[in-house]
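S.K.: Letter by letter, the chains look like this.
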Amino acid sequence: MKSHGMRAFLILLGMTLIGVFFFFPLYWTFITSFKTSSQIFVEKPLFIIDTLYLSNYIEIFQKTNVATFFLNSVVVSGATTVISLVIATMAGFGFCRYSFIGKNALQNSVLIVRMIPALVYTIPYYIIYNKLHLLDTIIGLILAYIAFALPLAIWLAINFFSEIPKELYESAEIDGCSEYRIYSSIALPLVKAGLVVIAILVFIGAWNEFGLALVLQASDAKKTLPIGIASMIQTHKDTPSGSLAAAGMLAMIPAVILSLTTQKYIVKGTMAGAVKG
Amino acid sequence: MKKLITMGMCLVMAVTMLAGCKVALTDETKPEDTVTSQPKENDAQENENGTIVKYGKELTNLSLDGTLSKQYEGQSIVVPVMSGDFEKAINDVVPIFEELTGADVIVESVPGEQFTDKLQLDLNNTKRYDIVLAPIAFLHSFAASQKIEPLQPMIDQYAGASYDTGDFIPALFETYGMYQGSLYAIPYKPDVELLFYRKDLFEDEAVKASFKEKYGRDLEVPKTNEELMEVAGFFTKSANPDSPVDYGYSTNMMKGCTRLLFINRGGDDVNESLQPNMNNQEGIDALNRVLELQKYAPKEWMQMGWDEANQFFANGNAAMMEQWPGLWNTCQADGSAVKDKIGVAMAPGATPVLGGWGVGISAGSKNKELAWKFVEFITSKDGELLKIENTMDPCRTSTYAIDEVSKSSALYDALMESLKYAKTLADVDIPYVSSKLNDVMELHIQEAMNGNVTPEKALADMEAEFQKEIEGALQ
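In order, the protein sequence lines correspond to chains W and G. Going from the first sequence to our numbering is simple: count from 1 and add 8. Going from the second sequence to our numbering is simple: count from 1 and add 521.
Just chain G, same shape as in the assembly (with noise of 0.2 angstroms):
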């Protein structure tokens, strides 16, 4: 009885609280696709003969010169996947690689921050996977440890006639695909940190008059890290009082994050003999240069992560930002301060953190000719199309000469120029020890950044370690 009156209450209050409640189906302000792509949705349609036309293009060679004439009967690959945008891009061209093979593709999905530890699993231990589509660090990594097949030899012996590795942005096909002087990946998805700005507020004339005024020269998007600073100054109310928002300039910063920013204004890491090339006067410089962009920053922005972060630029608190490519949706998705707002460049001082992905093949893999075919197939001219509205941006030159890719995202233009400047990877290109000195590099930038130690003597200390972890490392 007790128990039944017990329940009766504790209904009663529920049923309380929700008939105060409005009970909506759908959300009418959100977005269709919370995750959706930066690029335009460009459905794919078919023409009279039944080829594939995507952003305007006839997807003529998706049998790869005819290299593809279903027979791989019979066989099958394996390819994990980074669960959400990869899964979607990978699972939609899965189909037609299939119909044309003969051969059954089977994709595997793994969650996130789980990927690479599992993926490291099956290279080191089972072998299942015959596709290995990868953060860049750590296909150098698996290329250094021979976890992961040479492609040169692929290409030679299996490709079609028309596949043009030259068509690649340089910069890509080098940084992402070479590895000590052998072929090892091909890129799949670009990303380089850039630079968020309100257009808005780089728009308004008395924001522009009020600019000319104090420096006496016209307010622009800043190009240069001195510019940076005049600007994010500029807009910092604790600088400026008449700043139209809080803070010049914001970022994430938890989870390595500082290491991005120190690369951003123009520091390194590693270089190409794989040592220490940070404590040098490069190095003091952009360290220094973080540290004055802390005054501009939210005081918080320590504890700011992705979400954090990014929500509090699109609540309109800060004039820049720079991020991921990622942040564009967040601004532009419904109830955002700054939709429509919003401008993107290239990071300030030309030297943007490079991310991105690459595709490779096992080299456990048992089938590595129908692997190769797959690998060919989603980064040929035509296969690239299909996987843009993804948020896969393209990695060919050719791709983005089409004129309705290049219109499809307002970010391609930022996107294309940092490209051709960006080197230095968001994680330390070393085999075996990259997360290691990742951490080993965050812990001396903020060291520096809270006022523990000189900008030079965290350099110093982050040098020493880099030489014994990668002495180690390398041995």
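The following block holds chain W by itself, in its conformation from the complex (with noise of 0.2 angstroms):
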């Protein structure tokens, strides 16, 4: 019994440690936003304050261009989201359901386009976008991370489509079920939980992406928040630690938001596939 709340102890002692080795750059992010400057760079780091400065949260919202990059994240990514999950679930359930020639070819070949690095690809992009005059258009920017979401999207579809029995679909074939039917109101449904995976990833991908971004969007009104939070940091000045800290939050608040309302989609859908039978 004694050597059961030891171990306990020391599990929970374990989890607190790396708790809060996670935990705390997002504490120290939190504070430094509400710091000012003379706070911020000091020598015996302030890991508590007594007063919230929302200084910084006011000088991003005055000095930058913040609110148009953050509507554009959400726009982008948003879109991003929307249009691969349709498109991802479409081919998957495609994988899944038909035998055709070349499956296999076509279905690994899917991967290939996540196997490059993204890089490889930027100065490509930014020559063709040039020419279909698509630089610097959200559609533009839309259109390439859909293309980089896929890969990833249509193999989680294919394999939460796979744990679906056949028994299900003939099921539905012999009461009259169109494929379409099938697929919408049979397959989605039972997948909702891998929906939702396959969607925050791809729009925690897209919220986050700062290369392409970076070469394709040219005005203020077409940023992307990371481009945003580059933009703040001079060469050869102080870096504005504070302004950072908060534009640093703001950018959370899509992913806190995601992670608390989607949790239990999460669980189940990382789940899926674990036990069969």
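Simulated from the structure, these hints should not be mistaken for lab results. Every residue gets a Cβ at the ideal spot worked out from N, C-alpha and C, and that includes glycine. Mixed in with the good hints there might be a few duds.
Unchecked claim - Cross-link-like lysine-lysine pairs, in silico, BS3-like; alpha carbons within 30 angstroms at most: (1) G:Lys-776 <-> G:Lys-609; (2) G:Lys-720 <-> G:Lys-928; (3) G:Lys-889 <-> W:Lys-230; (4) G:Lys-648 <-> W:Lys-230; (5) G:Lys-889 <-> W:Lys-71; (6) G:Lys-820 <-> G:Lys-609; (7) W:Lys-139 <-> G:Lys-889; (8) G:Lys-720 <-> W:Lys-52; (9) W:Lys-200 <-> W:Lys-276; (10) G:Lys-758 <-> W:Lys-52; (11) G:Lys-776 <-> G:Lys-944; (12) W:Lys-139 <-> G:Lys-887.
Stated by the list, open to error - Between beta-carbon pairs, the in silico distance windows are: (13) W:Met-260 <-> G:Lys-744: 28 to 34 angstroms; (14) W:Gln-70 <-> G:Gln-988: 50 to 56 angstroms; (15) W:His-141 <-> G:Ser-956: 50 to 56 angstroms; (16) W:Met-260 <-> G:Glu-992: 49 to 55 angstroms; (17) G:Gln-673 <-> W:Leu-79: 42 to 48 angstroms; (18) W:Ala-75 <-> G:Lys-591: 31 to 37 angstroms.
What the hints assert, rightly or not - Chain G stretches covered by chain W per the calculated footprint, using a threshold of three residues with CB under 8 angstroms from any CB of chain W: (19) 602-610; (20) 632-641; (21) 645-655; (22) 851-865.
With the hints as a guide, bring both chains together as one complex.
M.R.: Given below as structure tokens:
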């Protein structure tokens, strides 16, 4: 009994230490965003502050286009997520449901796109987009992000759809369901948890993406949040740590909302396929 | 239910934590603008004729001798700029230029760290950009690869009659603008490393007396390397326990900065024939000075980046620091222990490292005439006055001669003096391999500083690698 208690205590201690390790940077960003510049660069770091200064938040809204960047990020990430989900679920459903010549090759070729570093595509994208007049457009960035998101999304979708017993499809067919009806009314609701996982991965990927947005976007009206935040740092100038922390806190909002609202689906989705039979 | 309880507890914790804190909308101690320019702001005014007045001067020639009269209606140019001060400086003048020319100027800002990458991407591929506003070593590389346009034909053909290139500070015009005998860029922002020193300590009677007693001469701001070592030693606690500060000297050493220190101490990288020029007696002396300076610098200085080193100095821990002009703002910020206690001078030894930006025209520009008029506008005598308050210091002698301009910044005297002597650029001035050679220098200087090799060996190795890289690049 005693050793059981000790074991539980050690586990708790270990988990607390790991928790502190992961949450401390978040906490540090949080309090830095409320510090004055003279509180940030001090020899003895201030771990607790008695006044929450909102000046960093006010400053980023007054001196930068952070609201526009934020809105652009929401639009780009949201559209990328929705469109990728539609395409990926249809593709995943198709790969699971039908047998055709070259199915495996096609399925694997989807992954190849994912194997090439994104940086390699950047220059061709820049040149092609320039010719198509898609540079510095929201739609252009969404298209590029969809192309990058799809391989992983399709593979995850295949995995989730493959969990559905074939008998269900057969029953639906006997009842006269069309293929589209089977997809939309039977398959999709059954992989709801999986869809949430795909959506979160695609959304966060698009939300944080920097390299492509840097190259493809030019004007402030079309930039996304990561580019806007990077623009706050100047060479040969002090880093505006307070403003960066405030912008970082804003950038975390969607991730926090997503994780709080979709927690149960994430657990279900990530567990999908773990137990068979 | 369980979820509700958890969320409720989190909310209670957050409220409890926040309730213990006061909330303030603004930081009353914070300066109006944390990235203010060194010069005092001089808001543009218009006189009764509608002419803009800046620094007490009427800007009567913004139309460039009448060469701008809305004749570019319907045309446009794209100007890429580094985000921050460059962006602000260009955005401030664009409406005036557009009004005068009728043209559209599209300003595209790029984050600082990625700016030159994106610029190169465009110059090598799509050629959307018309204007090239970049650090000097990059402009020289672009000139070597014919990515930017020679400017003298532009001046001959399109410039207003009073556009005076002879008015630019000669060293700037020569170093920034000329490449292999041709003019490729016009100086836009001069930059040079300066010596910041604790004026309060250098003027303290007790400190002065102590110095005189020890060295038999008056304490003065060091002008030579020998004086620098002596004064740095005097202000270092480990060498002089009576020192009022811990260290005599500091600078930031990360991201290629040991190379800058080597140049400030008299070292060079390449000569005019683009051959290595560091493995000689001057180079050995310079590297030995760097090693000696280590004794008077903070132990952790090799890990100090821009922010850490500046804050270290602003906290009052060192008597002197060599840095780019941006340090001034850190020292003058509220909360700084050295606010209003700082003096500025040329780096001791009179070989300050030279930075700076110039402006040219992309060879791929489809509208070179309009692009030139923009370059001419922002670098004209009147145009210069429109950029100063965004930390774009003047490049023209006549601008510094304006009383209100020269008084607007505490740095200008030291800057002007330094620009007379500075000749070695902050980046090795060899096309295509500039960054690589910066790294080579950095590596070998650090090898010597760590005691792994002698200065002679470090410089010989550096020279050998330079030769190899330069041969490869210029083949």
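S.K.: Does each hint hold? Answer for all of them.
M.R.: For each hint, the structure was consulted:
1. G:Lys-776 <-> G:Lys-609: Holds, at roughly 26 angstroms.
2. G:Lys-720 <-> G:Lys-928: holds (19 angstroms)
3. G:Lys-889 <-> W:Lys-230: The hint holds at about 27 angstroms.
4. G:Lys-648 <-> W:Lys-230: holds (20 angstroms)
5. G:Lys-889 <-> W:Lys-71: The hint is violated at about 33 angstroms.
6. G:Lys-820 <-> G:Lys-609: The hint is violated at about 38 angstroms.
7. W:Lys-139 <-> G:Lys-889: Holds. W:Lys-139 to G:Lys-889 sits at ~21 angstroms (cutoff 30 angstroms).
8. G:Lys-720 <-> W:Lys-52: holds (26 angstroms)
9. W:Lys-200 <-> W:Lys-276: holds (9 angstroms)
10. G:Lys-758 <-> W:Lys-52: Cα-Cα ~21 angstroms, so holds.
11. G:Lys-776 <-> G:Lys-944: The hint holds at about 21 angstroms.
12. W:Lys-139 <-> G:Lys-887: The given pair, whose Cα atoms are some 15 angstroms apart, holds under the 30 angstroms limit.
13. W:Met-260 <-> G:Lys-744: 28 to 34 angstroms: violated (52 angstroms)
14. W:Gln-70 <-> G:Gln-988: 50 to 56 angstroms: holds (53 angstroms)
15. W:His-141 <-> G:Ser-956: 50 to 56 angstroms: This hint is violated: roughly 33 angstroms between Cβ atoms.
16. W:Met-260 <-> G:Glu-992: 49 to 55 angstroms: Holds, at about 51 angstroms.
17. G:Gln-673 <-> W:Leu-79: 42 to 48 angstroms: Taking Cβ atoms as reference, G:Gln-673 and W:Leu-79 lie about 47 angstroms apart, which means the hint holds.
18. W:Ala-75 <-> G:Lys-591: 31 to 37 angstroms: holds (35 angstroms)
19. 602-610: holds (count 4)
20. 632-641: Since three or more residues must qualify, the claim that chain W covers the region 632-641 of chain G holds, with 5 doing so at under 8 angstroms.
21. 645-655: This one holds; 3 residues, not fewer than the three required, reach chain W with a Cβ under 8 angstroms.
22. 851-865: holds (count 5)
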